[in-house]
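Engineer: Okay, here's what each chain looks like letter by letter:
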Amino acid sequence: MNPQDLIGPSSVLGNPAPFWFITIFKVVGFTLHMIPMNIWYAGMLLVAVLGTFGKGNSRELAHRLSRSMPVIVAIGINLGIVPLLFTQVGYYQFYYPAGILIGWWWFSVIILLLFAYYGVYVYSMNIRRGRDSALAKCGAWVSSIAFLLIGFLFANNFSLMVNINNWIKIFNRTNAGGAALGIGLNLSDPSLLPRWLMMFGLAIMTTAVYISVDASFFHRKETTRTYEAWAGKFSFALFTIGLVWFALMGSWYIFGAINRYVIEQLHKTPIMYSVFIITALSPIIVWVALFFQREIVIKRTTLFAAAFQTVVLTLNAISRQWVQNTEIFQFKDLTKDAVNIQWSPLILFLVLFVVGLLIVGWMLLKVASAEKQLEKG
Amino acid sequence: MHYPWWYVPGLTAPMLIALIATLHVFVSMYAVGGGIFLATETTYAYKINNKLLLEYLRSQALFFILITVVFGAITGVGIWWTIGLTSPLATESLIHIFVFGWAMEYVFFVLEIISAFIFYYYWGRLDSKTHIKIGWIYAISAWMSLVLITGITAFQLDIGNWTPQKGMWIAFFNPQTFPQIIARTGASLMLAALYVFLHSSFRLSKDIALKKLIGTRVAKWGMVGAVLVTLGGLWWYLALPQSGKAALSGASALNILTLIIFTSSVVVFFMLYLGPYRNPDWVSPGFAIMFFLLGIAATGTGEFIRESTRKPYIIYNYVLGNNILVSEVPRLHSTGFLNGGSWTRAFMKAHYPQVFDKNGDIDNGKLLQLPDKDQAKVGEVIFQYHCNDCHSQVGFSAVSDLTRGWTEEMIKTVIIHLDAAHFFMPPWSGTTEEAMLLAKYLKSLSLPHPAGMRYSSARLPDSLDLSFEKRRN
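Protein sequence lines correspond, in order, to chains A and B. Everything in the first sequence is counted per numbering that gives the first Met the number 0, starting at 0 for the first residue and increasing by one. Everything in the second sequence is counted per numbering that gives the first Met the number 0, starting at 0 for the first residue and increasing by one.
What you were told as hints is all true, and nothing was included just to trick you.
Looking from chain A toward chain B, a few residues come up when the C-beta cut is under 8 Å (computed):
{"id": "1", "residue": "L5"}
{"id": "2", "residue": "I6"}
{"id": "3", "residue": "G7"}
{"id": "4", "residue": "V70"}
{"id": "5", "residue": "A73"}
{"id": "6", "residue": "I74"}
{"id": "7", "residue": "I76"}
{"id": "8", "residue": "I80"}
{"id": "9", "residue": "L84"}
{"id": "10", "residue": "Q87"}
{"id": "11", "residue": "I167"}
{"id": "12", "residue": "N171"}
{"id": "13", "residue": "G176"}
{"id": "14", "residue": "F352"}
From chain A, some residues computed to sit far from chain B (all C-beta separations above 12 Å):
{"id": "15", "residue": "A133"}
{"id": "16", "residue": "W244"}
{"id": "17", "residue": "A279"}
Computed spacing ranges between beta-carbons, pair by pair:
{"id": "18", "chain 1": "B", "residue 1": "D400", "chain 2": "A", "residue 2": "S250", "range": "53 to 63 Å"}
{"id": "19", "chain 1": "A", "residue 1": "C137", "chain 2": "B", "residue 2": "K211", "range": "35 to 45 Å"}
{"id": "20", "chain 1": "A", "residue 1": "L134", "chain 2": "B", "residue 2": "Y120", "range": "16 to 26 Å"}
{"id": "21", "chain 1": "B", "residue 1": "A419", "chain 2": "A", "residue 2": "G255", "range": "55 to 65 Å"}
If you're looking for bench data, these hints aren't it; they were derived computationally from the structure. Note that beta-carbon positions come from the ideal geometry of N, C-alpha and C, so glycine has one too.
Let's have the full structure, built from the sequences with the hints guiding it.
Structural biologist: See the structure below:
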C-alpha cells in the first residue's frame with residue numbers, strides 16, 4: 000500500500016500563523032531547549048560517574064554540577080514546551096501517528112522524567128546538606144539512566160515521524176483489531192542510533208563548555224585557583240571527547256544512515272550544503288577557544304566559547320529542521336496548508352513575550368546584584 | 000480514523016488522561032493558591048518583622064517548589080503528552096485554535112519557574128522589597144496561567160458563539176470561562192490552605208504560637224476559597240449547556256457527587272471557621288491529613304463531574320468523544336466509517352482487499368459477504384475506532400456488561416440510534432452494514448442475562464410491538 004494514504008487530512012481550521020513563523024519559533028525554541036537539555040543529558044551521567052568514583056576536583060565538579068542541576072532541569076523542561084507546541088501546530092499529521100504507534104514508550108517518558116527529576120533532587124539536596132550517601136549516588140544514577148532512555152525514546156519518535164514506510168510495518172506488527180498497541184519502536188530505522196548518539200556527543204560538548212562557564216563565572220570564595228585550573232583542563236579534555244564522538248556519529252549518520260533522498264536534495268541546495276559544512280566544522284572554533292584556556296579558565300575566552308557553542312547548537316537546530324522538512328515534504332508539502340492568521344493573539348503573545356523577557360531580565364539583575372553583595376561581604 | 004487509535008486494554012486510552020490530569024490538578028491548584036499564600040504571608044511577615052514566620056515560610060517555599068515545580072511541571076507536560084496520544088484530533092483542533100493562548104501561558108510559566116527559584120534560593124540574600132516583588136511576580140503569573148488554561152478547558156465544555164471561521168478570543172470568552180475561573184481560583188485557595196495545614200502541623204508541632212498565627216491567617220484564605228467555589232460552581236451550573244444539565248440530572252451517581260461537592264464546600268467553610276480560624280491548636284497532623292484528603296477527594300470529584308458534563312464531545316459541538324468531527328458524520332453515513340478514516344482503510348486494505356471496489360473504496364455490500372468470523376473481526380475494528388474511547392471490551396465501562404443479555408438485533412437497533420437512545424453518546428457514524436458487523440462483534444462479547452432472575456423468563460405477548468423505530472416515530 001501507499002504509505003502516503005496513512006497521512007490524515009489537514010486541519011480545517013488552517014494554521015494560525017504562516018509556516019515560516021511556526022518553523023522559526025520551533026527552531027529557536029529547540030535551540031534554547033538544547034542548552035539546558037544538553038547539560039543534564041551528559042551532565043547527570045558525569046555527576047553519577049564522578050560522584051561515585053571521582054576524588055578531589057572531579058568529585059568537587061560532580062557536587063557543583065548537582066547544585067545547579069535542579070534549576071537547569073526546570074528551565075530545560077519549560078523551554079522544551081515551545082518546540083513541542085510548534086511541532087504540534089505544524090507537523091501534527093506526522094507527530095501524532097508516530098507517538099501513538101510507540102504509545103506506551105512515549106507515555107513512559109513522563110514516568111522516566113519524574114524519576115530523573117526527583118533523582119536530581121535526591122543527589123543535589125543530599126550534597127547541599129553535606130551527605131554524600133549511597134542514596135544520593137543512587138539518585139544520580141537513576142537520573143542519568145532515565146535521561147539517556149528519554150533521549151533514546153525521543154530519537155525513536157522523531158525518526159519515526161519522518162519514516163512513514165515504517166508506520167505501516169510497526170502498525171501491522173503491533174495492532175489489536177486495527178488499533179495500535181503502542182508497543183512498537185522504530186528500531187529498524189538505520190538513522191535511529193546515530194541520531195541518538197549524535198545528540199549525546201553534542202551534549203558532552205555543551206556540558207564541557209558549561210563546566211568552564213561555572214568555574215569562570217559562578218565560582219565564589221570556595222572555588223580555589225587549583226579547581227579553576229583543573230576545570231580548564233578538564234573541560235578541554237571533555238570537549239575533545241565530545242567532538243570526536245560527535246564527528247564519528249555525525250559521519251555514521253551522514254554517510255551510512257541518512258535517507259538518500261535528503262542527500263540528493265542537499266546537493267541541489269547550495270545554501271544548505273554550506274550550512275551543513277559549517278555546522279559540522281563549527282565546534283572546532285569552540286575547541287580552539289578551550290585549548291587556549293586549558294591551563295586555567297579565563298572569563299573572556301569562556302564567554303566566547305559559550306557564545307559560540309550556542310551558535311553551534313543553533314546551526315544544528317537549523318540543519319535538523321531542514322532535514323526534517325525535506326523528509327516530510329517528499330510526502331506532503333506542509334507550506335501549502337491553509338493559513339488563518341490569528342493576528343491579535345499573535346501580537347499579544349509577542350508583547351507578553353517581550354514583557355516577560357524584561358521581567359526575567361530585571362529578576363536576573365537583582366540576583367546578580369545580590370551575588371555581588373555577597374562577594375563583597 | 001484519521002490517526003491510529005491507541006488500544007489500552009481494560010481501561011481505554013483516555014482514562015490515562017484522567018489519571019495524569021487528576022494528579023496534576025491536585026498540584027497545579029496548590030501552585031496557584033500556594034503562590035498567593037506565600038506572596039501575601041511573606042509581605043505580612045516582613046511588615047511585622049516576624050523572623051520566625053519568615054523562617055517557616057522559607058521551609059514552606061521549599062516544600063512548595065519540590066511539589067509544584069517538579070511534579071506539577073512534569074504532570075502538566077504529561078497531560079499534553081497524553082492528550083496527543085489519546086485524543087489526537089481534539090488536540091490538533093485545540094492547538095490550532097489556542098496556540099497563542101498556550102504560548103502566552105508558556106510566558107507566564109517561565110516567569111513562574113524563574114521567580115519561584117529566585118524566591119526560594121535567594122531568601123535572605125535579596126532585600127525585603129525585591130523579595131516581596133518576586134513573590135508577587137510568581138503569584139500573578141501562576142494565576143494568569145490558571146486563567147488561560149481555564150479558558151481553553153472551558154471552551155471544550157461550551158464553544159459559545161465560536162465557529163471555525165472565528166478567532167481565538169471568541170473561543171476563549173465562552174459562557175463557561177468566568178464561572179470556572181472563579182471556581183478554580185477558590186479551589187486553589189482552599190486546597191493551598193489544606194497543604195499549608197498539612198505542612199505546618201508536622202513542621203510546627205512545638206511552636207504553638209506560630210502555628211496559631213499561621214492557622215488563623217490561612218483559614219481566612221481557605222474560607223474565601225470555599226465561598227468562591229460555591230459561587231463559581233453555582234454560576235457554572237447555571238451556564239451549563241442543556242446537555243450538561245441533563246447529564247447531571249440524568250445520572251444518579253453524578254447527582255449524588257454534585258450534592259457532595261456543594262455540601263462539602265459549605266462544610267469545609269464551617270470546619271475552617273470553627274477549627275483553624277477560631278481554634279488553630281486543633282490542627283494536629285491527624286486532623287490536617289484528614290482535612291487534606293477531604294480536599295483532594297472533593298477536587299477530584301469536581302473535576303470528574305466537570306468532565307462528565309461534556310459528553311459526548313471532547314469539544315462541544317465540534318469534536319466527538321471518538322475523535323470524529325461533528326461535521327464529518329453525514330459523510331460517514333454515506334461513505335462508511337471504515338472508508339472514511341486513513342487508518343481504518345489501511346487496515347482493511349491490508350487484511351480484506353476483496354471488499355474494495357474498482358475505485359478503491361470499500362463496498363459496504365461486500366462486507367456482509369465475508370465469512371461470519373471475519374465479519375466479527377471487522378466489527379472489532381469499528382469498535383476500536385468508534386467505541387473504545389469510552390468503552391473497553393472487558394474492564395472499565397465494558398460493553399460486555401452494558402449489553403448483558405441483549406440480542407444482536409437489540410444491539411444493532413441501539414447502535415443505529417445511539418444518540419437518540421443515550422444523548423450523551425456520539426451518533427452512529429457509519430452505514431447500516433457496518434452497524435450489523437459491529438453488532439455481531441458486540442454480541443460475541445455480550446455476557447448472558449444474570450441467571451435466577453424470575454422476570455427474565457417471562458415472554459412478551461407476540462402482539463406487543465416495542466421496536467425502537469415505531470416508538471420513535
